[in-house]
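Chains as they are written, first to last, in the working numbering: chain V, 73 to 310; chain L, 712 to 935.
Hints should not be assumed to be uniformly reliable.
[As the list claims (entries may be wrong)] Computed footprint of chain V on chain L, listed as stretches where at least three residues anywhere in the stretch have a Cβ under 8 Å from a Cβ of chain V:
#1 823-833
#2 846-853
#3 910-917
Treat the hints as calculated values from the structure; they're not laboratory data.
All C-beta atoms, glycine included, are put in the ideal place defined by N, C-alpha and C.
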Amino acid sequence: MPSGRARFLSPSRSGWWRQVTALLWKELRAEARTRETLTPMVIFALAVVTVFGFGLRATGADLGPVFPGLLWVSFYFVGLLGLGRSFASERAQETLAGLLLVPADRSFIFVGKALANLVFLAVVEVISLPLFFGLLGVPFTAPFVPFCVTMVLGTAGFASIGTMLSALAAHTRAAEMLLPVLVFPILIPAVIGAVEATASLLGAGDPLAWKRWLGLLLAYDALFVALPLLLFDYLVEP
Amino acid sequence: MLAWVTFVAVLGALFLAFLYAPPDVKLGDTQRIFYFHVASAWTGLLAFTVVCVAGIAYLRTSAPSWDRLGLASTEVGLLFITMAVVTGSIWARFAWGTWWEWEPRLTSAFVLWLMYAATLLVRNLVEEPGRRARYAAVFGIIAFADVPIVFMSVRWWRSYHPVVVSAAGLDLEPPMVLAMVVAVLAFTLLYVLLTVERVRLARLEQELAEYKRAWRGEGGGIRA
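Isolated chain V (complex conformation) (with noise of 0.2 Å):
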């Protein structure tokens, strides 16, 4: 029986919309019960905050011109620990047959996973934020909906290509040693633009240019989420 919601759209894309709502849903709820992921993800991000307001030998505004960087970097290395559990689950329990025995476009295993793996990387996000900027005394002076924007746009392009890159490096011998390897040369360009994105926010860079790097963030995002859509298929064919 269809859903209000799927009074709206065509009948053949509201089975696909229903089948990634439905496994968003089931990563979430596995999430929030088992919290095998976030859990791990956040005790590194304080690791990291850790190694850092010790290793740096710096704090305040003298961290001013690196501190970007070393927001995103250490975001990129806390999200691909929560990247790699995200297809090795599937696989350890062998439900990923169940999942492509699904009359739908088998695209929709990829849409769901990626955005479950947003919403926990922005739960990260959020939660270790102030903790970067508080611990490392670097003062929150970016306006506030931008800040939030780029966050958004230099996570989603991670999440896509990571998960896309994770179901791939899930079938190897090696997983996790893998999949750093296979996504960060991948990754530069979103780094690059995350990073500039973020330090003319913060002062630390041309004001002006925060558009321009957003735009790459932009081009970014929409090919590695239009490409895993269109290769995702070969990579879980039995």
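Take the given structure of chain V and dock chain L to it, following the hints.
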């Protein structure tokens, strides 16, 4: 036949680059590495294009020959892009006084190297052959799509992080243009030669693996 043509072309390139072309006005003889740097960088990019095309073709047809081409082009391409990065670094040392410079082309070549290495890792770490071919194809496509974006973003990034040294402009006189064209041609031929040989080797490897599987499966049928 191809080997002989390549041999002549490479000899010609060496002659033109070292003896025929005049030394550069600003950099003198140290500029001569430029011919081989450009040639190897161009070939490295060409090889990666072939990897991407072979990947797309493999995903659509599932024909093993496309996978073999992808494998060969990845390995040979890694060789050429390594040469490009190393010669680029050497040239940077003499042209700009520094062993490395985060300028768009050199950086993009280095990123391309990383992507090649990652593609080879994917091939080495997947056991089942069909899956390996598919994964290598998918990653090759994704990585190739990223290359222009990497180049563009590094270029933008550079305009916001100006460095004291800038890319040395080269005034190319006609003899130098000839040397460069021949060098590029020679390296392209070398790439084709090496890739063709590697494809042939890959096919023989696969046939051998199949014989071994058959022999083991029949439990000594050929020996008895």
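Each hint tested on the structure:
Requiring three or more residues with a Cβ within less than 8 Å of a Cβ of chain V, the coverage given for the segment 823-833 of chain L holds, as 6 such residues are present. Only when three residues or more bring their CB closer than 8 Å to a CB of chain V does the claim for the segment 846-853 of chain L stand; here the count is 6, and the claim holds. Under the rule that three or more residues need a Cβ within less than 8 Å of chain V, the assignment of the segment 910-917 of chain L is violated, with 0 such residues.
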